[in-house]
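The lines below spell out each chain.
There are 2 protein chains.
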Amino acid sequence: MESFKVNILGCGSATPSMRHNPSCQVINFRESLMMIDCGEGAQLQLRRNSLKFSRLTHIFISHTHGDHCLGLPGLLSTLSLHGREGCIKVYMLKEGIRMLKPVIEYMCPHCSFDVEFVEINPKGGLLLETNALTVEAFPLYHRVPCVGFIFREKKKPRHINGEMVKFYDVPVRLIQDLKDGADLVLPDGRVVPNSVLTSDPNPATSYAYCSDTMFDPRVAEAVRGVDTIYHEATYTSDLEDKAFERGHSTAAQAATIAKMAGAKRLIIGHYSKRYEEPAELLPEALAIFPNTIAADEGMSIDLLAD
Amino acid sequence: MESFKVNILGCGSATPSMRHNPSCQVINFRESLMMIDCGEGAQLQLRRNSLKFSRLTHIFISHTHGDHCLGLPGLLSTLSLHGREGCIKVYMLKEGIRMLKPVIEYMCPHCSFDVEFVEINPKGGLLLETNALTVEAFPLYHRVPCVGFIFREKKKPRHINGEMVKFYDVPVRLIQDLKDGADLVLPDGRVVPNSVLTSDPNPATSYAYCSDTMFDPRVAEAVRGVDTIYHEATYTSDLEDKAFERGHSTAAQAATIAKMAGAKRLIIGHYSKRYEEPAELLPEALAIFPNTIAADEGMSIDLLAD
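Chains as they are written, first to last, in the working numbering: chain X, 676 to 981; chain P, 676 to 981.
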C-alpha cells in the first residue's frame, strides 16, 4: 500500500530516437499515477509499461520545450477516446498553457473528463497537497523558464503494536490518536506512554526531478535533504562548455549536485543522442556520487527502498 | 530515376497502439519525399524507415484530428535541430493552421528553414505542380472537414531510339522535341515521323489517398481512373453502422470504391485498434476487389509496378 515508485518512460533529450524517448516519468504513489513531463510518444510508453490510463490524475510539465510537452495533446485526446472520467490536473508554466490549451481543447471537443490547467509560478511553490503527499516546484536554470518538482511523502503514522494494544484493551476510537503519537490514559488515570504502544513509522521519502538545467548550486540548495534526485546529464564532461552554452549539465555536474544536496541516491537521464548507451555517462557520475543509477526506458525504481 | 513509391509509416486509427502508428505515409517521388498526414510518432517512423529528413519537402494534412496531425510540431522541431535548410511547405485546412502554426512557431523559434503554410480549400483543387507531378485535393466525407489527395505523374517524354537517332544523325538540340513527339525534318526536307525515332513512354501513374471518410460514391468519382487508391478501412462489415456513425468505412466499402473508380490496385488501412492484424480486414475487401493490399507499417509499395 505504501508504494512510491518512479517509472522512466523517456530519458532521451531533444528528439526521440530509436534508442530513447523524450522526457517522461510516472510517479506511482499508492496506485495513483502522476506524470512528470510528457514528450511525444508518452501515451504509447504508458501503455508499453502497463500503467493504467485511468489512474493518471496529475501531469506536471517542467518547461515548454517540445521534448517535454508535445505528447500532451495526443495523450489527453486518447484518454478521452477511452472514456476516462473525472478530472486531470495539468500543471504548466503560463507559456505552455497559452500554447497547448487551445490545441487540447480543439482535439478533445467532447472530452469525457475535465482538464484543469494550473499555472506554475516559475519562482516555484507548493503545487499539490494531499493527505499523504506534497508536490512543490522550484526554479531550474535553462535557456527558457523551467522548474523542477519535489514529491514528498508526509510524515507517516506510527506503527501500532498489536499485542500491547490488546493488553491494554485500547478502544478502536483511540487508535488514530496513538498513530499520531498520543499517550494512552487508562480508565484509572494511569498514563501509558505512546512509545509502549507504537513503534517509529517508516521514514517519509522524497524525490526531486531536475530537468532541464545547467549546473547551478541553487539547485542543490532547493533539493537539500531529498532522498532520491533525478538530475539531467545531457553530456559527458568533455562537453562541459557545450552543456553550459545549451543550458544543460554533464553527468559529473549532476553527481556534484547530488553530493552537495546530501542525497541518498541519484538517477541521471536526458542523454544527448550522441551517446549510444547510458553506460557511457555513468562512470563519471559514479566517481563523484557512488549511488547513481543511469535511467533507461522501462525502468521502475522503488523510491522507498534504499 | 523514375521512382514513385508510397511508404506506410502509420496505418492505425484514433490512437497509437503497440501494433500500429497513427496515420502517416511518405511518397517517394524521384528521391523527393512528400508526407501525407503526420500522426504522433511520425518523426520516429521516418527514421525507422531510413527516409532522409533532408529530402522531405512537402507535408499534406488531410484533416485536423489528432491522429493525422499531432506529429507535426515535433517533426518540424526535430528537422530544425538537425539544421535542415531551405523550405518545407505544409498544406492544411484553415483550422489546422490556426491550431498548429502558433505551436510550431513557438517550438522552433530559430527554425533553420522556412515553413510555409498553405491553406487547403475543403472543396479541393490543385495544390502543387512541378515539371513531373501534380498534387490535388478533393473532398472526403468525415465528421469534420477532410480532404483526400491525388498524386499524378505528368505525361512522360517518349523514349528515344538511340540507333535511329544515330542513323539520321540527329543534332542534340532536337532531342527534346523528339521526346515531346515532334517529327524530324531532314536537311533535304524529308520528314521522318516521330514514331520511327521514338517509342511510347512509360504510362503516367497516379495515387490517391482517401482517409478519413465514410463510404460515398462521390469519392469514387473524384478518384476515377487513378491507378492505386489508398482507402481507409477502419472496420469490418459487421460494424457498418458504427462506421457510418463515426464517419468511417468498412473494408468492403473501401473495395467497392476502388471497383467503382476503376482502380488497378487498392491499399486499405486506418484500422481500428480492435483488429489485431490487418489480415482480419483483408478477406472482405478481396472478395470485392481482388488486387487489394492490407497496409502495414514499414511497407514500401512501388506505384510504378502493376
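Just so you know, these hints were derived from the structure itself, not from any lab. Treat the hints with caution; some may be incorrect.
Calculated cross-link-like contacts (lysine-lysine; reagent style DSS-like; alpha-carbon spacing at most 25 angstroms) [stated by the list, open to error]:
#1 X:776 / P:727
#2 X:798 / X:776
#3 X:831 / X:680
#4 X:948 / X:829
#5 P:917 / X:948
#6 X:776 / P:769
#7 P:841 / X:769
#8 P:841 / P:831
Residues on chain X that point at chain P, a partial pick, calculated with CB under 7 angstroms [to be verified]:
#9 691
#10 748
#11 793
Facing chain P, from chain X, some residues (calculated, C-beta under 7 angstroms) [unchecked claim]:
#12 749
#13 778
#14 780
#15 784
#16 786
#17 790
#18 850
Where a beta carbon is used, it is the ideal one built from N, C-alpha and C, also for glycine.
Status of the hints after comparison with the structure:
1. For the given pair, residue 776 (chain X) sits about 32 angstroms from residue 727 (chain P) by alpha-carbon distance, which is inconsistent with the 25 angstroms threshold.
2. Of the supplied pair hints, the one linking residue 798 (chain X) and residue 776 (chain X) holds, its CA atoms being roughly 22 angstroms apart against a limit of 25 angstroms.
3. This hinted pair checks out: residue 831 (chain X) and residue 680 (chain X) have alpha carbons roughly 17 angstroms apart, not beyond 25 angstroms.
4. A threshold of 25 angstroms between alpha carbons decides the hint, and for residue 948 (chain X) with residue 829 (chain X) the separation of about 38 angstroms lies outside it, so the pair is violated.
5. Between residue 917 (chain P) and residue 948 (chain X) the CA atoms are separated by roughly 44 angstroms; this puts the pair beyond 25 angstroms, and the hint is violated.
6. For the hint linking residue 776 (chain X) to residue 769 (chain P), the alpha-carbon distance of about 18 angstroms falls within 25 angstroms, and the restraint holds.
7. Of the supplied pair hints, the one linking residue 841 (chain P) and residue 769 (chain X) is violated, its CA atoms being roughly 73 angstroms apart against a limit of 25 angstroms.
8. For a cut-off of 25 angstroms, the pair hint linking residue 841 (chain P) to residue 831 (chain P) stands: about 22 angstroms separates their Cα positions.
9. Given the 7 angstroms rule on beta carbons, the hint for residue 691 (chain X) holds: about 5 angstroms separates it from the nearest Cβ of chain P.
10. For residue 748 (chain X), the interface hint holds, the least distance from its beta-carbon to any beta-carbon of chain P being 6 angstroms, beneath 7 angstroms.
11. Against a cut-off of 7 angstroms between C-beta atoms, the interface hint on residue 793 (chain X) is violated, since the closest Cβ of chain P lies about 20 angstroms away.
12. Because the beta carbon of residue 749 (chain X) sits about 4 angstroms from the nearest beta carbon in chain P, less than 7 angstroms, this interface hint is met.
13. Evaluation of the residue 778 (chain X) hint against chain P yields a held restraint, the C-beta minimum of about 6 angstroms falling below 7 angstroms.
14. The beta carbon of residue 780 (chain X) is not positioned within 7 angstroms of any beta carbon in chain P (closest approach about 10 angstroms), and the interface hint is therefore violated.
15. Among the interface hints, the one on residue 784 (chain X) is violated; its C-beta lies about 9 angstroms from the nearest C-beta in chain P, farther than the 7 angstroms criterion.
16. Using the Cβ-Cβ criterion of 7 angstroms, the hint placing residue 786 (chain X) at the interface with chain P is not satisfied: the shortest such distance is roughly 12 angstroms.
17. A cut of 7 angstroms between beta carbons decides the hint on residue 790 (chain X): the least distance to chain P is about 14 angstroms, and the hint is violated.
18. Against a cut-off of 7 angstroms between C-beta atoms, the interface hint on residue 850 (chain X) is violated, since the closest Cβ of chain P lies about 46 angstroms away.
The structure does not agree with the numbered hints 1, 4, 5, 7, 11, 14, 15, 16, 17 and 18 stated previously, though it agrees with the rest.
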